[in-house]
Each structure stands twice: as structure tokens, then as C-alpha cells.
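Visitor: So the chains spell out like this:
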Amino acid sequence: MQNLAKDPTDANIEQKKGKIPFYKSANFWKSTGIFWALVILVIIMAFSQPAFLTKPNLINIMKQASITGVLAIGLTLVLLTGGIDLSVGSVLGVACMAAAYLTTEEQGFPVYVAFVAGIGVGAIFGLINGIGIAYIKFTPFIMTMATLSAARGIALVSTNNRPIFNLSREFINVSNSIYFGLPSLIFFFLGVSILAYILTRKTVFGKWIYAVGGNQIAAKYSGINVEKVKMIIYMIMGSLSGLTGVLMASRITSGNPTVGEGYELDAIAACVIGGVSMAGGAGSVIGTVIGVLILGVISNGFDILGISSNYQKIMKGLVILLAVFIDIRSRSRKNN
Amino acid sequence: MNEILSMKNIFKSFSGVEVLHSVDLTLNKGEVLALVGENGAGKSTLMKILMGIEQPNSGSITLRGEVVEIGTPAKALDLGIAMIHQELSPIPEMTVEENMYIGREINRFGFVNSRKQAELTKEWLDKLNIDISPMVKMLELSISQTQMVEIAKAISYNSKILIMDEPTSAITEKEVMRLFEIIKMLKKEGISIIYISHKLHELLHIADRVEVMRDGNIISVALMSEKSQKDIVRDMVGREISTIYPKCKNKIGNPVLEVRNLTREGEFNNVSFTLNAGEKLGIAGLMGAGRTELISTIFGVKRADKGEVRVNGELVKLRKTSDAINRKIALVPEDRKLMGLNLIMNVLENSTMCIDQQISTFGFKNDKKGQSLATPIVDKLSIKIQTLKQVVENLSGGNQQKVVLAKWLLTEPNILLFDEPTRGIDVGAKAEVFELINSLVMEEKAVLIISSEMQELVGIADRVIVMCEGKIIGELKGKEIMQENIMALASPKNNNGSKVLIQ
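So the protein sequences, as listed, match chains A and B. Heads up: the first sequence begins at 895 in this note's numbering, then just goes up one per residue. Heads up: the second sequence begins at 1009 in this note's numbering, then just goes up one per residue.
Excised from the complex, chain A in its bound form:
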């Protein structure tokens, strides 16, 4: 290039491009800050509470985190496109009822049927959300708020508020087994995270997710079918809500129509703590995974400390604001 910039705005780039290795650059701390927050949190917990670093406790954290985690990964994709899905908890509830109904001793369907049905039910709700948002142009907030209400209603109506018991042994084992010393739920979280990471980072569709969220008009002018991208994303989200519902039914060994209430807020919180922008186009799956773990460690730590769940809610609110505050500050400094 003959035209190497003399433009002074490019000064900071030179520094970025220079010989400084990544781990020493200022950018390193900025982009991995959330990870170090988790590390510090774990160290504090480990020193102050001996019960924290025990195997049963860590397994407990992972189990708790995995359920929110799968939802949060889905929500990361939704938020990246600039949308939001409030209906995940309710859709989870419907899927939970469907899976429980099919695997009772009377019905006796094999485990995979429960998965197909639960994920299928979730996908249908996702499809409805997707059509409403992408094609009918409801705002995501309104559309998924309506689904939040309607899906919960369906879950409750399905058995007239009664829970479903007597699920088959095989089905209950799905969420309550240990493989390689780890709870089975963590493998679902891990698997979903890895797939979502590959989707967002390595595939063309993943780039389109960021493109739609970053500037959907420009994406449209670049030949991207914005509507289709959005619809697929809401279907993925619905499917993951469905999957979570199936896992929940197995974990609590019953179908409970009120299960998952308020889960959307935990999942959104995890994304936000992990640095996913509510405006779309910025954020990462890895950030969300760390956000999920931070939330998990905090609530577990408070449990050990014997802080009541009411106070935990207050603390969670403060943590969310703190995380976003740090994020805003680091962003605005970058711009100046």
C-alpha cells in the first residue's frame, strides 16, 4: 500500500499493530476483564467459605448454572440480532409439561420422544415469535411478552394446574446422572455452548447474526435476508427453551406448569453481565458462559453464607448494574 495512513486518527491502530504481544496490550485486559472478574470472585469465595470449593458444591453450581446457561446461550443469539425473547420461561414450562406427560409410567414413551416433543413444542413457539417479529413486524418485546403470557396459560390449562408425577426411571436419569464425575446437565450446557460458539464465529450465518444486529438496514442492502435470519434465531431460541423444559422435567422428576417462571430475567442478566449488548451486534457466546458462571457463583456463595433469597435478589440487581456500568465506561473510553 502506497497510501499508508498519515491520518492521526489511526494512531491507536499503530500501537495495536506494533510488536506488543496481545497479553500485554491494553486490549487484553479490556476483552478478558469479565473472565478475571469471575476468577477473583471464585478466589474470594474459596478463601472466605471452605464449603465453597468442595466437589458436591461445585457440582451443585454447575447443575444450577446449566439450566440458565442453555437459555442464556439462546438469548445471546437473540440479543445479537438486536431482539429479545421474554417468553423463554413460559415456553420452557409448556415443554416441561409435554415431556413429563409423555414419559409417565402410563404413557411410557421412550426418552427420545420426550426430547423430540419438548424441542418441537419450543420450536413451534419460536416459529410463532419469529413470524410475528420478522414478518408481521411486532416489536420483539411485545411479541414475546404476548407469548410469555399465552404459553404459560397453555402450560397451566394442559392439566388444570396439576403437576404430573410418576415419570419413568430412564427419563429421570437424564438430568440426574453423573458422567466422568460431572453432572449430566453440564454436558448439555457445554454442547450447546460449543455449537453456538461455532455458529457465531465460524459460519456465514453467524456473521449474518452480527450483521443484522449491528445494522439491519445495511445487512438488507448487502443481500442478507434479514427476516429469515431473525426467524431462524427465534426458532433456535424456542428449541433451546424446549430442550431446557425437558431437562427441567427430568431434574424435578415431574411436570410442573409453573416451572421456569422468571427464568428469562436470569438468562438476560447472564448475557448482559457477559457483555452482550442489548442494542444488538456486539457480544460473544464465551462472554455469556462466563456471565452464567458469575451469576451461579454469586447465588451459590450467598446460599452458603446463609443470605436469604430475598436479599440475593437485591444483590443480583446491583451486580447487573455494576457489570453494565463497567461495560459502558470501557466503551466510552474507547470512543474518546
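What the simulated footprint calls covered on chain A by chain B, stretch by stretch (three residues with Cβ under 8 Å from a Cβ of chain B suffice, anywhere in the stretch; the number is not a length):
1) 1088-1098
2) 1110-1117
Using 25 Å as the maximum straight-line C-alpha spacing, the simulated DSS-like pairs for lysine-lysine come out as follows:
3) B:1397 to A:1096
4) B:1310 to A:1122
5) B:1310 to A:1031
6) B:1487 to B:1207
7) B:1345 to A:1031
8) B:1328 to A:1031
9) A:1096 to B:1376
10) B:1345 to A:1122
11) A:1122 to B:1325
12) B:1377 to A:1096
13) A:1122 to B:1336
14) A:1122 to B:1328
Just so you know, the hints here were simulated from the structure itself, not pulled from any lab data. These figures come from a predicted structure and were not determined experimentally. Just so you know, even glycine gets a beta-carbon here, dropped at the ideal spot from N, CA and C.
Given the structure of chain A, go ahead and fit chain B onto it with the hints provided.
Guide: Okay, now just chain B, sitting in the frame of chain A:
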């Protein structure tokens, strides 16, 4: 001399880049000072400083003999300085009277006294001979009427200095005359006006003095009567104008894009034209003439109600933008930040946006290939970057525009639609864009250019079609392509009468 305002030695820099170097500006009572310069010359920064939106790094502002600090736009209004923005920003759902008094509602215990506001609004409008009811909603007004209301609003603050930024960019010739009458009336009232415009011929009618800026410097200040249009242009661009529009010997070939009776209700009507290989076809017209709507329909952003489009003689259905891209059509949109770029992505990600799928394997991105394809194009366009990983948000306007161009060149298009390709970029980058357009037609690509700067079309186009109110009004070829002819066709008032073209 009756000096009312004097800005002295104004320096301003943004993130280390100095955009104003020791700029001076004086304004006399009751005069119209024309402030001209290319985009990016520093005019708007200077005016933002005067309006209190930006603070100078150093320098002083003296108003009626007193040194003042203008810390906020509210302070500027207090001091009697008001601005009519290029993009008018009324609240469409509010009435004229509500807009006039927004932020300073005449109220009693928080309850707005609309009647009083309406009365006062009427007085101000009458004063300027403007016949608009204070009770109609802003959205019912034309652009010109909205502008009048904004002027009335500005003087209702008892402003002594009025800044008008490109006030004629979106209004018809007749409305321009009306505006000039109002400006003359304001002058008689002793109000001083800083008039920013690219349309130099207008300045002859109203400006008393002209100040030319280039690259953050004042190049010349003179009485309007002492300066020819040509002098002003030379001061603005720093060289003779002819060099901005390089000539080329392109050979015009067969029709590649044929548009027949294309219609979108309320936007454009029965539009038919043909674009040939190796041709530079300009579309001229005023803002709102339907030009952008037309080409975005051709590109599949919107769907046509009626009519057909043929590419290389073949009837095509362009329902989505990807349909157009597959037909080797590219659209460089008018607003690069809104429609052209993902600002938070880097140069590489932006430039391969349209070809990612093409070069992918089983849906997986091929970044290596993308990079090897993008690098030569980035070099060819001489985009000033250090690395392809640089985020486009921080690039200059010209460089951003080149990234948009790189994105489209990577799709190897045969038909290129340019919508205002030089908006907001500096003269150097402008010339490069035109050279690129020339090299494209030399390769027998077909190029269509929408531009609101008529001299640009005069300088570059082989043929110009003129649109007015959604219809094609006429076509100009060769020597007929002159600003006067374009203007005559583009203004609505001339449409029913005779169209006398200068040969």
C-alpha cells in the same frame, strides 16, 4: 462598519486531529455572509462552535463588542444566535404553535396556554408574510413551509444572528425566491445572516460578502461583487474545477438494464429507461423526486407495484436484494452509515459481507480467502488503513465510502447503481470516486449515478435523465447536459409548460 460578531483565532481539534486552524469570521449588522467550502472544510464545526454545541480549543468570540463564552445552545439562543438546520427537526405530530414554543411553553402552573401561544405564533408568521395556520400539525406542511416556520421560530427568540445551513437543498425554485424575499426582509430588520450553501449561483442574489473555507482554513474573504463564481470554486477546491471530473473515452454498448413502466404508488410512476454497457447515466432531480426510491426498487429493497425490469434482455423478478446481487447488480447507497456499513465491524468483515456465502464451504466462513480477495481491492482503492482489522467507525467519510465500494467491487458487478456517491466526502476522495467510475465504464460495466449536485452530473455523465415528482421529465445528452437545463426540468413549476432547453 457595524460589526456585530467577530470570531478570532478559533482552533478546534477532535481526538488529536485539528479541524479548524486559526479561523476568523466577522459579521456586520444586517448583512448576509455566505460561508462556502467543500464538505469537511470545517463550516459546520465553526457554526457548531458559534451555536455552543462544540467548544473551541482556543480563540475568542466577540458579540456586540463584548467577549462571550457560548457554553451551550441555550446560551447561544439567549445571546440572539439561532440556526436553521439543513435537516429540519420539528416534531411532526405537534402543531405549528406547539413547535414554536417547544421547551419554553407559555404556561400557568404547568398548564400550557395554547391560545396565547397560537396568537403569538400568528403574529410572528404575519410579520414574515407567511400564510400558515398555527393550529395545523407540522407533518401537514411542505418542506418549504416547515422551513418558514423554523425561521419564524428562530426570530421569535429575538435573534439577531441567523445561521442558515443549506436552506435551499430541498425546495423548489419558486420557494427559493420566496425564501430570498424573507431573507431580504430580515436584513431590513437589522438581522445578520450566515448563509451556508453549495449552490454558488444563489449567492449572487443574496450574499453581501463571501468567506471561503478549505481544510479548516479561511482561504478568502471578499465582497460578493468582487468574486466570480470561478474564483470561489478555485478557493474551495484548491485547483481548477475541471480536474475533479476526469474524462474518459468509454464505448457505449448494448442495453444491460431496461426498466419499463416501473411504478410504486406514491413514490414514482411509470418510469422507463435503459442503461447500456459502458455508459454513465445520471439521474437528476430534487430531493423527494423519487430517485432513491426508484433505484432501491430496482435493487429489490422494495417491491414494485407495476412494471418490469430486464437485465441483459431477460425479464427478472427482483424481490429481495440478494436477487439483484445474483444478477450482478450493486447499489452504493446514499447514506453509508445507515445503509452501507456495519460500523462496529472491521474493514475486512464489511468488505466481504456480500461474498461470504459465495466463498464459504458448507456454511463455514473462509476468512483467509476473503482476506486474499479484499486486500488487492483495498489497495486499488487506496483505502487509508493500517490493517484490515480496523473498525470502520473511526475511518474518515471518504475511507468509509471506499469500504462500501470495496464491498461491491468484490461482488464483480456488471451494473452499478450509485446513490449520491460523493456525499460528505472531501474533494480528493471525490475525484478518486469519479476515476473509479471511469475505470468501471472502460471495463464495459454500466453505471447509474444519482446526484443532487448538478455540476457533478454535468462533469461526469454521458446522459442524464431528470426526475420530478416521481416521473421522468426529460433526458439530456451531450451538450444539453447543463445545470440550467437540469434545473429547468427538475423544478415542478416548469412541468406543464414548455421546456426550453439551452443548446
